[in-house]
Each structure stands twice: as structure tokens, then as C-alpha cells.
Amino acid sequence: MGTRPIGEILEKNIKLIGADAFSQRGFTQVPNVILRSDKVSPGAKLAYTMLLSYAWENDFCFPGQDTLGKDIGVTRQTANTYIKELSTKGFIKVKRQGFNKPNLYEVNLKAKVLTNKGK
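Position 40 (the sequence shown) corresponds to 40 in the numbering used here; numbering is contiguous.
In case anyone wonders, no lab produced these hints; they're calculated from the structure. As the structure is a prediction and not an experimental result, all values here were calculated from the model. Some hints could be false.
[Unchecked claim] Okay, the calculated beta carbon distance ranges per label pair: (1) 62 - 90: 28 to 34 Å; (2) 38 - 64: 28 to 34 Å; (3) 49 - 102: 16 to 22 Å; (4) 110 - 77: 25 to 31 Å; (5) 70 - 26: 15 to 21 Å; (6) 36 - 98: 20 to 26 Å; (7) 35 - 99: 23 to 29 Å.
[Unchecked claim] DSS-like cross-link-like pairs, simulated, lysine-lysine; straight-line CA separation at most 30 Å: (8) 45 - 93; (9) 70 - 110; (10) 89 - 70; (11) 95 - 84; (12) 70 - 84; (13) 93 - 39; (14) 45 - 70; (15) 110 - 39; (16) 89 - 101; (17) 45 - 89; (18) 95 - 110; (19) 110 - 93; (20) 45 - 101; (21) 45 - 84; (22) 89 - 39; (23) 70 - 39; (24) 93 - 70; (25) 95 - 45; (26) 45 - 110; (27) 70 - 95; (28) 39 - 84; (29) 84 - 101; (30) 84 - 110; (31) 70 - 101.
Just so it is clear, CB atoms sit at the ideal spot from N, CA and C, and this is done for glycine as well.
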């Protein structure tokens with residue numbers, strides 16, 4: 001299979017055509033094992049996706065919980081619940097950076113970890 005521009009890709013019933021204001025800001029790829037897992041809550045899936053979107057911009061991410069909550073449409077407390085779920089399951093690692101500093105998040109993309117913990 002040769003390479004084609006993204007605007008020519010046709011998959012199932014989705015056809016991507018050209019770039020517009022939405023696509024110019026980029027895309028975020030999420031491992032299917034996360035998206036399809038019945039062991040990960042929908043909110044945690046969205047939080048994982050948002051962390052990936054932050055990390056793709058800089059190779060790391062450190063959003064505050066307020067920012068993450070705002071971006072996924074939930075309260076800070078709910079965002080924190082999703083972060084704890086993802087951390088407990090090994091999908092992310094949270095590194096505390098100190099008082100009044102946002103945490104640093106390491107998003108795990110290793111297939112072995114994702115398939116063992118997410119199924």
C-alpha cells in the first residue's frame with residue numbers, strides 16, 4: 001500500500017478532504033486498545049486523549065487539573081478521578097513537581113502495558 005495524502009484517505013464511511021480551520025490544528029492518534037477497552041471509563045478515555053494531544057505538541061505535558069477539566073468539559077475533581085484511574089491502570093505516570101506547580105504526565109504508549117492493563 002503506497003502513501004497517500006491524508007485528504008485522499010477513504011476508510012469505511014469517513015472521507016477526509018483538504019485542510020480547514022479544524023484540521024490545521026492537528027490530530028491526535030489514540031491507541032485502539034484504549035478506545036475499545038471496556039475496562040476504561042469513557043471519561044478516562046477522553047482524559048487520555050487530551051493528555052496525548054498536549055504531549056504531541058511538546059513531547060511532554062503538564063496541564064493543570066483545572067485546564068484538563070475545562071478542556072474535557074468536567075470539574076477539576078472529576079478530571080482528577082480520571083487521572084487516578086489512568087495512573088492506577090498504568091496508562092500514565094504522574095510526576096509531582098511541587099506545591100503550586102502542575103504535575104508532569106508521562107503517557108504510556110507501550111503496547112504490552114496497554115494490552116495487559118486495559119483489557
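Status of the hints after comparison with the structure:
| no. | hint | result |
| --- | --- | --- |
| 1 | 62 - 90: 28 to 34 Å | 19 Å, violated |
| 2 | 38 - 64: 28 to 34 Å | 30 Å, holds |
| 3 | 49 - 102: 16 to 22 Å | 18 Å, holds |
| 4 | 110 - 77: 25 to 31 Å | 29 Å, holds |
| 5 | 70 - 26: 15 to 21 Å | 19 Å, holds |
| 6 | 36 - 98: 20 to 26 Å | 37 Å, violated |
| 7 | 35 - 99: 23 to 29 Å | 35 Å, violated |
| 8 | 45 - 93 | 15 Å, holds |
| 9 | 70 - 110 | 28 Å, holds |
| 10 | 89 - 70 | 23 Å, holds |
| 11 | 95 - 84 | 12 Å, holds |
| 12 | 70 - 84 | 17 Å, holds |
| 13 | 93 - 39 | 18 Å, holds |
| 14 | 45 - 70 | 15 Å, holds |
| 15 | 110 - 39 | 17 Å, holds |
| 16 | 89 - 101 | 24 Å, holds |
| 17 | 45 - 89 | 12 Å, holds |
| 18 | 95 - 110 | 18 Å, holds |
| 19 | 110 - 93 | 13 Å, holds |
| 20 | 45 - 101 | 24 Å, holds |
| 21 | 45 - 84 | 12 Å, holds |
| 22 | 89 - 39 | 9 Å, holds |
| 23 | 70 - 39 | 24 Å, holds |
| 24 | 93 - 70 | 21 Å, holds |
| 25 | 95 - 45 | 20 Å, holds |
| 26 | 45 - 110 | 16 Å, holds |
| 27 | 70 - 95 | 21 Å, holds |
| 28 | 39 - 84 | 14 Å, holds |
| 29 | 84 - 101 | 18 Å, holds |
| 30 | 84 - 110 | 19 Å, holds |
| 31 | 70 - 101 | 18 Å, holds |
Checked against the numbered hints given earlier, the structure breaks hints 1, 6, 7 and satisfies all the rest.
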